[in-house]
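Trainee: Next come the chains, spelled out residue by residue.
Number of protein chains: 4
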Amino acid sequence: MPEQAAERRRETAILLLSCRDTRGIVAEISHFIFAYDGNILHSDQHFDGETRTFFMRIEWDLELFSIPKEKIAAAFEPIAVKFAMSWRLELSSKRARIAIFVSGFDHCLYELLIRNRSGELNAEIPLIIGNHETAEPIARYFDVPFHLFKVTEDGKREAEARQLALLRENRIDLVVLARYMQILGEGFVSEFRDRIINIHHSFLPAFVGARPYHQAHSRGVKIIGATSHYVTAELDQGPIIEQDVARITHRDSVGDLILKGKNLEKLVLSRAVKLHLDHKILVFGNKTVVFD
Amino acid sequence: MPEQAAERRRETAILLLSCRDTRGIVAEISHFIFAYDGNILHSDQHFDGETRTFFMRIEWDLELFSIPKEKIAAAFEPIAVKFAMSWRLELSSKRARIAIFVSGFDHCLYELLIRNRSGELNAEIPLIIGNHETAEPIARYFDVPFHLFKVTEDGKREAEARQLALLRENRIDLVVLARYMQILGEGFVSEFRDRIINIHHSFLPAFVGARPYHQAHSRGVKIIGATSHYVTAELDQGPIIEQDVARITHRDSVGDLILKGKNLEKLVLSRAVKLHLDHKILVFGNKTVVFD
Amino acid sequence: MPEQAAERRRETAILLLSCRDTRGIVAEISHFIFAYDGNILHSDQHFDGETRTFFMRIEWDLELFSIPKEKIAAAFEPIAVKFAMSWRLELSSKRARIAIFVSGFDHCLYELLIRNRSGELNAEIPLIIGNHETAEPIARYFDVPFHLFKVTEDGKREAEARQLALLRENRIDLVVLARYMQILGEGFVSEFRDRIINIHHSFLPAFVGARPYHQAHSRGVKIIGATSHYVTAELDQGPIIEQDVARITHRDSVGDLILKGKNLEKLVLSRAVKLHLDHKILVFGNKTVVFD
Amino acid sequence: MPEQAAERRRETAILLLSCRDTRGIVAEISHFIFAYDGNILHSDQHFDGETRTFFMRIEWDLELFSIPKEKIAAAFEPIAVKFAMSWRLELSSKRARIAIFVSGFDHCLYELLIRNRSGELNAEIPLIIGNHETAEPIARYFDVPFHLFKVTEDGKREAEARQLALLRENRIDLVVLARYMQILGEGFVSEFRDRIINIHHSFLPAFVGARPYHQAHSRGVKIIGATSHYVTAELDQGPIIEQDVARITHRDSVGDLILKGKNLEKLVLSRAVKLHLDHKILVFGNKTVVFD
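Chains as they are written, first to last, in the numbering used here: chain E, 2 to 293; chain Z, 2 to 293; chain F, 2 to 293; chain A, 2 to 293.
Just so you know, the hints here were simulated from the structure itself, not pulled from any lab data. Mixed in with the good hints, there may be bad ones.
Given that identical chains are not distinguished, each listed pair holds provided it fits within a single copy or across any two copies.
Unchecked claim - The calculated DSS-like cross-link candidates involving lysine-lysine, where the alpha carbons are at most 27 Å apart (straight line), are:
(1) K157 <-> K288
(2) K95 <-> K261
(3) K261 <-> K275
(4) K151 <-> K95
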């Protein structure tokens, strides 16, 4: 039996915030948690010198915390106002709902579904959207409804409208593009701002756009990479969450790069999704603060 | 001109502590710093579930801090007592004094001296002790006094006594064994407990003891490593600070492993020394908490 | 559509050999291939200085080769005899038949089945043997017969006899232990000498035996690993095929090591199996020569 | 004493060639070596499918070889002509002569000088050229003549002419730009085609040009790199020899990237220089075949 299952999942609250740096923020937040009998489990902070911005992620046990969880945000509000924070409160007890978008390659889809089945992601996946039939039997095996959208350039706007309707209907929190070979429209992207995670099969910013393994082969690089990032309106330019690389040689054909790259893609995407689900990422301009 | 020189070094205080985990520690410490007008620059904590131990490293700017630096420890004492902490206070303004011990291989010695000259380590190196002449001209070039001890098994106890005298005389804070091929006696080790850093040329705990590259070659491993650790009385068993690895193949002879390993050794040792000098390591039983 | 599918698979012959090093071996072999109109695609050799042994892997296109493939071995025999070679001839057209053994963890099993379905391994998997029910629905989804053996210490000998019968019946070429938590008997191992691949969840030779992640956590290492090796009678001592590592910190619990390790295990095992299936490994004493 | 010194250096010949792929090349070359009593030590080949080009590096022991070394090229010529080869013959007994160019950063310079002193590179370094005084005392310590060229935009052409004169005078085989912050003119580059190795402090093709660490910090990448390549007329576009990477986080300032990058730069440059000196690189269009 998987040994990690032995670790009981505690119910926790997670506060993520940023504000202009000033003295007393940590003291005030930690006093707030202490005053209501919360026990801090993790606390991580970052100070960006250029913009003088303070970032914090703090997680505490709710077992003895004397504020009911639905009232914590309201109780914290005055502190947030005092320091003019951008902030959000997350509860570990809420399982995120994910929609996976996929095209012909299925390795990232399999990876996410298997990890979720093993309990590693702790999410619900009520929806897979594909523009190719490949994923259909996989979705069926994992008991996830599959929706096929054969998107043409003409029908794209209308298809996205129907996809958005499905996402709303299913109360989707996060969209994961698991090697989805279709560029999303601006309206779609803005509705899920900082909530669409893509995997690009290159070490960004090298080899933006189509066929990055062909580009890498043609340039003669000795290392290839994969990059997971939040999707923005500009192609492959969103905030980077996670990257990894693999060594190649002159012997590797484009086909070999594709095979080696698949290993990178599925691991990098999985790590990015897990970081997002664990509420460890703060987006800041076009960059991320990742509290891992 | 080196660009990092542009970053002004602030004067900071660093508090390192561990104690039994309980509520209110972070609140109390951050309030202490806030109350005297300190600005927290970094704060990192760790909770060990098995032993219910809490660890913390917190660093704050002394520019506006209203307690003079020589009185901070006394002012903090009551909090330390209240929570029964093991703790120490470090000041970034104090430059550590390092003694380097070396035998025939000089790559780690060069690495430390060059990094210190470039300002990367921010330490003083008043002393190099060698059991081989190799290092003498290097020491001279870097203007560091060199002491040769041709240690025989018979004369070992007496040599160590003289070495300890040199260390005391030079007010040495940290001893770095930069590929020093001589086992130190228990008395020596206990006087510099958690203040002797060694580099072992294997991925510990694999290949303890002599000739680890020969052992690795004979076992047919596909990856070699290097390990930097604090020295304890038991050979190669002290708390591990840092490790790294390199890929090898069947083509690599023992000589090739030695060459590839040299790159690992000097980088791993340098990183471990830098972590120690930046007061980022807490020793805990036979393990380290490294706040990097 | 997967881009690598575009690469046509050529039919090739692969010669793997070792012998005492002497002049003229390469000349004679390459002349043999040339004389019968073969075109060499890959040729790799290695010379072990300690034992004065020569190793070679040479692969050539059979399209225009004038010896029919079932007669190549006989035609090459005189050269093999002349140099007293250990050798074997493999044909790329023959698909290997694999049996996978598995216990409760299913990540390595999934990885192998998915890779084979995508055409990456080019093998047949007619058989999965488990000592736990977990794998049964996975086997069914991938259309592979599953055999459950709840092995007790008493019934072990008899169970292995029945397993061996199944392997023979299914003309199995390679046994893959995909996190199979049962030690195989000597008879079993000797019948499949150099044809049983195991994944051990540590960086061997560190942490041999049970619960290596617990051992790693307890020792306080900063890097964990996984090792794929051929199984011999001595536990975790067989020739190493492939290893890889991942960085950890003091924050990682044993549960975290298990999760991080799963990523290593499935990749390292897959690479080892692929190297074996591509006939790129020569076992030599307790080591491997891997022509990749 | 360094253990690798124990390995006696054999005198060998190394043949590097490329030609249109056809049957019989390996047979003919290996027969040539065998016929004159040479013993092949290493043989590596590569076939590029796109251009149908064959590449080979073959090294043999000259101890019993019956053609005197100064006549080998002439003896091989007919085979080269028959297959219309691009080829060159190198002798391990000839020590390459290197000129190092350097600006303010000295870590790559130190690395090359130390490695050469330890016997690792087996080269002669008769010349260091700098556009900054930093390197002067280092050159003096390693007994290498140092030439200072404070190059202005106006005087650049004239300075390069004098530098070229120095290179010719010193019979320089290889120019290494060890963080030399000055773009070389086309005339210079074309005279040392495929014989100028640069280290660029990014993972090319990402972050071409000036201040790549600032670019990397601004883009928010999670991994930085360094790239060693042959210099061509187009900035940072030459054939890549070697690359490596290091992981960074949001905590790393530009100054931290510079420090972490220095470790990469000196190792990547050293590996590239060693591969060149060991005659393991074939340049092919804008790519390299690296036989390592």
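Trainee: Evaluate each hint against the coordinates.
Mentor: Against the structure, the hints:
1. With identical chains, the CA atoms of K157 and K288 are never at most 27 Å apart, being 29 Å at best within one copy and 40 Å at best between copies.
2. Taking the shortest Cα distances, K95 and K261 sit within 27 Å of each other only across copies (24 Å), while inside one copy they are farther apart (36 Å).
3. Taking the closest pair of Cα atoms, K261 and K275 come within 27 Å of each other both inside a single copy (22 Å) and across two copies (12 Å).
4. For a Cα distance limit of 27 Å, the shortest separation of K151 from K95 qualifies neither inside one copy, at 33 Å, nor across copies, at 38 Å.
Figure legend: structure checked against the earlier numbered hints; hints not met, in rising order: 1 and 4.
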